[in-house]
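Protein chains: 2
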Amino acid sequence: MIICHEIGELKDFVRRCKKEGKSIGLVTTMGALHEGHASLIRAARKENDIVITTVFVNPTQFGPNEDYDAYPRRLEKDSALAEACGADLLFAPAPSAMYPHEEMTWVEVTGHVTMILCGRTRPIHFRGVATVCAKFFNLTECDRAYYGLKDAQQTQVLQRMVKDLFMNVELRLMPIVREEDGLAKSSRNVYLSQEERKAALVLSRSLAHAKEAFQKGERNKDALLTIVKNEIEEEPMSDINYVEMYEMPGLAELPETIEGNALLAVAVRFGKTRLIDNVILEAE
Amino acid sequence: MIICHEIGELKDFVRRCKKEGKSIGLVTTMGALHEGHASLIRAARKENDIVITTVFVNPTQFGPNEDYDAYPRRLEKDSALAEACGADLLFAPAPSAMYPHEEMTWVEVTGHVTMILCGRTRPIHFRGVATVCAKFFNLTECDRAYYGLKDAQQTQVLQRMVKDLFMNVELRLMPIVREEDGLAKSSRNVYLSQEERKAALVLSRSLAHAKEAFQKGERNKDALLTIVKNEIEEEPMSDINYVEMYEMPGLAELPETIEGNALLAVAVRFGKTRLIDNVILEAE
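Chains as they are written, first to last, in the working numbering: chain A, 1 to 284; chain B, 285 to 568.
Think of the hints as simulated: they come from the structure by calculation, not from any bench. Fair warning: this is a prediction, and the values are worked out from it, not measured in the lab. Treat each hint with caution, since some may be false.
[As the list claims (entries may be wrong)] So, partial list: chain A residues that the calculated Cβ filter (under 8 Å) puts toward chain B:
#1 W106
#2 V107
#3 T110
#4 A134
#5 K135
#6 N138
#7 R160
#8 D164
For glycine and all other residues, C-beta sits at the position ideal for the given N, C-alpha and C.
For reference, chain A alone in the conformation it holds in the complex (with noise of 0.2 Å):
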């Protein structure tokens, strides 16, 4: 696996495996991978010629009293994962080298995809997500681009600028892993004490627990809510962020009688650290 870290070697690159015929499969990263970013390597693998995964952590998808300094950095490890899942080139950048200019060039998904959910309380994050996104499908012409479900709003948001924009890559939405106890893999569990840990698994089995009733039948979005905010609200270590619930695909608002597919999804706070998991209700 080819490591690099500057642009004009990823342009030769990608150059030299467009100008061979190949189809590239890229993976975005902010790095610290997890089983979750090995899947959606693992998937890339699958399905393309070329994974390239980058390892970046974005500095402007994160608001000013964020994680972005704390957030874990761990190169080495990282591309020993990548590898073994079987990327092709890893590319991280400096921060420098993918925001040029102190002046920006903002992609920007605008109205409700982008204002629900973490929109509400992170107004930044969803630009930032959009334009380091729009940069790396450039600089790769990747074919496909592979996204977690765990980011769910993440996906949505992705699929509208590539929708709106025409941008000619395909994204693969992937399921999320989970711990065996069920917690969905993320790079931010490292921040949790043992005993926040043990807190944060009312996430998962609350959703689990909304997904068996509607199952059964239940289709009352309120009812459906109501299942995941109480259960959440009896783990004295929670404070909740949000517990919404929107159609899926495209997170439209929802009428009070579910019909088709649904989102339910949450956010979570753990001591000083945020969690977000979701469920996605299919209606067949």
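Please build the complex by placing chain B on the supplied structure of chain A, with the hints as guidance.
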């Protein structure tokens, strides 16, 4: 020449061209084609296997009190000219095709380059231009895109977008085409009364005088600006919007004494019609 209105048809055409390894040159226009556009299409013809011209009066680059509705539309004439200049395909989409959602994904170049000159009075203009050009670049997968230096600021904004987002397109900037009497070709010239048209000649005349002074060694910024301002102000029908000067390329602020190349640009109203013109002062 193929005339095409649907995105699906355009994408099929582009895919076929790409499969055959053909290079694609793009000329994006708002129609009402004149010799300026023709020179761009001819330049694209020389440098590419395939030439695509777009005709689209882009609603998002017009302010609420601007001439979106009045903007001249004449697709038949445009088609004939584009074909005569060697275009292979003319793409004329409906606004609903280019903007499928009411909630937009914007591409926005921020900072100095979009705040000066036309950015002062047209605050949303360049966001609309950048967004629609990003869409056309992605739709056509063009290798080169051609823009006239009459819209000098637009060329620099797009250059910034392409660099910042690492777009895989080369911008080719072409000289201003003028009427025999010096008036810069513009689709908006049709708005001018005979008297206004005559009065508007002061733009090219005054810019030529500034260039003359520059070539004779004048390097004082204010002195050069004053030549142009005074001469335009002497014309009773003129109403100056701006007369400004910046570094070229890039449009950074200039010191009082100019060292490299500079853009001297003007926007002036004659009656209801706002015209722009400029000259590049080249140090060598």
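Practice prompt. Identify whether the interface hint at A/D164 stands, where standing means a beta carbon of chain B within less than 8 Å of its own.
Written response: 4 Å, holds
Discussion item. Using the nearest Cβ pair, does A/W106 come within less than 8 Å of chain B?
Written reply: Cβ of A/W106 sits 5 Å from chain B, so the hint holds.
Item to complete: Hold the hint about A/N138 up to the distance rule: shortest CB distance to chain B must be less than 8 Å.
Response: 4 Å, holds
Worksheet item: Does A/K135 pass the interface check with chain B, least Cβ-Cβ distance below 8 Å?
Response: 5 Å, holds
Discussion item. Does A/T110 hold up as a contact with chain B if the rule is Cβ-Cβ below 8 Å?
Written reply: Given a least distance of 6 Å, the restraint on A/T110 holds.
Discussion item. Given A/V107 as an interface hint, is its Cβ closer than 8 Å to any Cβ of chain B?
Written reply: 5 Å, holds
Discussion item. Interface hint check: A/A134, Cβ to nearest Cβ on chain B, cutoff 8 Å. Holds or violated?
Written reply: 6 Å, holds
Fill in: Hinted contact A/R160 with chain B - closest CB pair below 8 Å
6 Å, holds
In summary, the structure agrees with every hint in the numbered list given earlier.
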